[in-house]
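Protein chains: 2
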Amino acid sequence: MVEAETRRRARGGGGAARRAERTSVSIETARYIERNIPVYDILTDEALEIIETNAETILEEIGVNFVENPKALERWRNAGASIEGERVRIPRGLARQLCATAPSRYVQHARNPARNVEIGGKTLVCAPVYGPPFVRDMEGGRRYATMADFERFVKLGYMSKWLHHSGGTVCEPTDVPVNKRHLDMLYAHMTLSDKPFMGSVTEPSRARDSVEMCEILFGKEFVRDNTVMTSLININSPMTFDDVMMGALEVYAEHNQACIVSPFIVGGAMAPVSVMGTLTQVLAEVLAGIAYSQLVRPGAPVIFGAFVTSIDMNSGAPTFGTPEASQILYGAGQLARRMNLPFRSGGSLCGSKLPDAQAAYETANTLNAAMMGGVNFMLHSCGWLEGGLVASFEKFVMDADQLGALHKFAEGITTDENGQAMGAIREVGPGGHYLGCEHTQSNFKKAFWRSDVLDYKPFETWHEEGGRDTMVLANAKMHQMLANYQQPPLDPAIAEALAAYVAHKKASMPDAFS
Amino acid sequence: MVEAETRRRARGGGGAARRAERTSVSIETARYIERNIPVYDILTDEALEIIETNAETILEEIGVNFVENPKALERWRNAGASIEGERVRIPRGLARQLCATAPSRYVQHARNPARNVEIGGKTLVCAPVYGPPFVRDMEGGRRYATMADFERFVKLGYMSKWLHHSGGTVCEPTDVPVNKRHLDMLYAHMTLSDKPFMGSVTEPSRARDSVEMCEILFGKEFVRDNTVMTSLININSPMTFDDVMMGALEVYAEHNQACIVSPFIVGGAMAPVSVMGTLTQVLAEVLAGIAYSQLVRPGAPVIFGAFVTSIDMNSGAPTFGTPEASQILYGAGQLARRMNLPFRSGGSLCGSKLPDAQAAYETANTLNAAMMGGVNFMLHSCGWLEGGLVASFEKFVMDADQLGALHKFAEGITTDENGQAMGAIREVGPGGHYLGCEHTQSNFKKAFWRSDVLDYKPFETWHEEGGRDTMVLANAKMHQMLANYQQPPLDPAIAEALAAYVAHKKASMPDAFS
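Which chain is which? The protein sequence lines are B and G, in order. Going by UniProt numbering, the letters in the first sequence line up with residues 1 to 514, in that order. Going by UniProt numbering, the letters in the second sequence line up with residues 1 to 514, in that order.
Think of the hints as simulated: they come from the structure by calculation, not from any bench. Source: prediction; values computed, not measured. There's no promise every hint is true.
Note that the list lumps identical chains together, so a pair holds whenever it fits in one copy or between two copies.
As the list claims (entries may be wrong) - Derived lysine-lysine pairs resembling DSBU-like cross-links, with alpha carbons at most 35 Å apart:
1. Lys446 <-> Lys71
2. Lys457 <-> Lys477
3. Lys457 <-> Lys155
4. Lys506 <-> Lys161
Modelling step: build the complete structure from the supplied sequences, incorporating the hints.
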């Protein structure tokens, strides 16, 4: 595990420096995960071929809609698709052939190069929760999210060792006009963190603003030559590509910025209730969406996305961490790998209203599937609550801690002589114990992953300290992280230029709240 | 999913019968899991061969201790091992060769044949927590377990749909003398449930009592010809087989009753801190233990066990649901399959003091690994808390509910025409929705697994109902299950004979409390 590390050190000498050293705060970010373990394939090749054949049938016979987007229809017509109204029917094989120009992995640059991430192949990049209009913490309960909440989340993300990415709309800052939010959000990601981030997708113009702000942050030439954003383009399942999302995709693809092309499916509502049927629709949608990105600009980086929940057929509520969702994740991962594309799915998904046992069961089920199923970009890695309506401060910290376990698991098993430990087994022998032996002494520091949040104390100590549950422990940890937060250095001229851009843009339009 | 079902129905006719029907309690037990999915192999064949070679080296060069058990030493000497004091050194290949007579799967019979379980191959049988001296629930907090607690757990186990097995020492009934507990525990399993159960292992004489009680319950001939108990034989790692556990194993093997031969390892203390080293020691221990069972009686049913935790090197506390424990589980599963033996590992393991998010993360991590790693017999499937010191009533219900998700996941993915759902995709088309379509109507009842404990309600409803967390929801469910409990019918003559046996045995010896 290579770690990018920044340390705060006292500038004075002598005792003060040593004291400062002892209390110094270490801000570490783990390198993104590179799996040294196999992925789990749930479907046979035969089943995958059925899905692929059926997906082509959907594209050819049923088609997909590109809504209010004459330019897209024109692009498709030129590529050989048949157009009828807004319906695009794509001859068998064409979409897949167009997808072939999409890269199998790409680097997303951060303003701190040590925080660059590589997305695709065996990697797993973790980004926080995206989209909730509400936040929750122990002090304030459940409430509409504000820009102050947003900034707290960006700071927490920066301070989270196992989080590689600052994300995008970590929560919706509802106190900022809808048409200006993206400016404040991007400014926060760019100045409060030095990890990579996502661009705005809620209007094509906001995607352009995102690109322009990146040009200030990274330099125009750098943005022209490099990918500095990965943004989330949802497909309106079933089989509908709306002009807003496609407009944002067009902006990003034209600028060689990455998009996650992601069916957004509540199973049974936006796709069939069966796993095979859902996977077929997912593949058809992704094929169409990614093919379209390559029509805009061949070689534009994209991610095969799949956000699929199951549904509680009693209440109609989406459900998370369920076996069907895991099966779909595994199957979609296989389909993405067969296309040689990076894959996005999973995260801290849960339906619970509180960061309690339900939240943790559901989250752990999904995190495990994401790890084993070959996810390359995991949005919602931490902090998701209540079906995505709420970003939870405590759960953010709890989940981000669990991501550490994924890092360790992915390292795989060392099979060298030291790993085999035959010397230790000989030394200790029957009836002995290993605590003091040399092999233990020289390996124990890295032998076992250790949570920074969960409780490992004996019952009596835990009881004396107040019998705190995980939510309470995470709340304390969250406050500690925020207290220790230090803004990563940024060229003041750049910070000023970003602020000026935001101020100018805000002044140029009236507030809109919907 | 084939289900054994018992329904309480009112005997009266007319409206009363219909009302009773509506409020009737359904006591269902799901059939044990038969995996229709692949298992996850984390180790390469090369790594597995290294482990196997090194394990043979341990047996040959270091050896294992059979403590205070001259008969065992005699058996080993006759088989060709070299004996030096209590140390048994086993020539390369001999242990594995002896293990070859152990069956790859076996049926454990329940007194209700519909509840028989098959252990081995692709099956997964779930049994509850085993061993805690304490219990915890919301009303009584943490306290020493009593026989009344034990009986409550057996009833809950009987009422738990996804639990196939009644288990053994679900908690230690500390209000009953140590030397008489096993009698009351077996009587409870035999009379309060009709699911299969485990025998006593704390003294060879108690194993004999277990066999004799089974002879009353099932009939002598039936016990002679069939396996009616699966009991837990822990190995004193490293490489030590004590006379108590081996004495119990001898009794069971002689009677053709099944034993789990299970290294009990806190990593870094009882085995090396490395995954490969631990797996090597586990294999050596299991090879020696299972070989010994086959020396006692060739063909005696056994399970390759592995109970391995990691350790918090800061405090020395065992830790659960960690990545290293999962890696070891996966590796041990591969080793067991290469020996063609049933495999035991996993469960609701956690270190948390409460059934909170920590407990659920750790538990879910282990349950997922057990499912994917090919576990055939999962002890501690539900109810484990605080590193196994506590059996939690609420967590029992929460975990047992999660086992339902494993059942659904293991069914795999249906690839037939109905599963492919192309008709539905055609019918709905771009921009439509699937809620009303025929495919959804005819499939939704079985499409998605649904928790019976977790909360799927909208925030407002949940809030109005008291904003209950998972522990509170599980507590309510637990009381409901106990209120609905009905004792499964048993021939009164058998029940009487069992009671008489217990009374007679208890009267024959003074109380012992240690």
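Do the hints match the structure? See the list:
When the C-alpha separation of Lys446 and Lys71 is checked against a cutoff of 35 Å, the pair qualifies neither within a copy, at 55 Å, nor between copies, at 43 Å. In this assembly of identical chains, the alpha carbons of Lys457 and Lys477 lie at most 35 Å apart whether taken from the same copy (16 Å) or from different copies (30 Å). Both within a single protomer and between protomers do Lys457 and Lys155 lie at most 35 Å apart by alpha-carbon distance, with minima of 29 Å and 32 Å respectively. In this assembly of identical chains, Lys506 and Lys161 lie within 35 Å of each other by CA distance solely inside one copy; the values are 34 Å within and 59 Å between copies.
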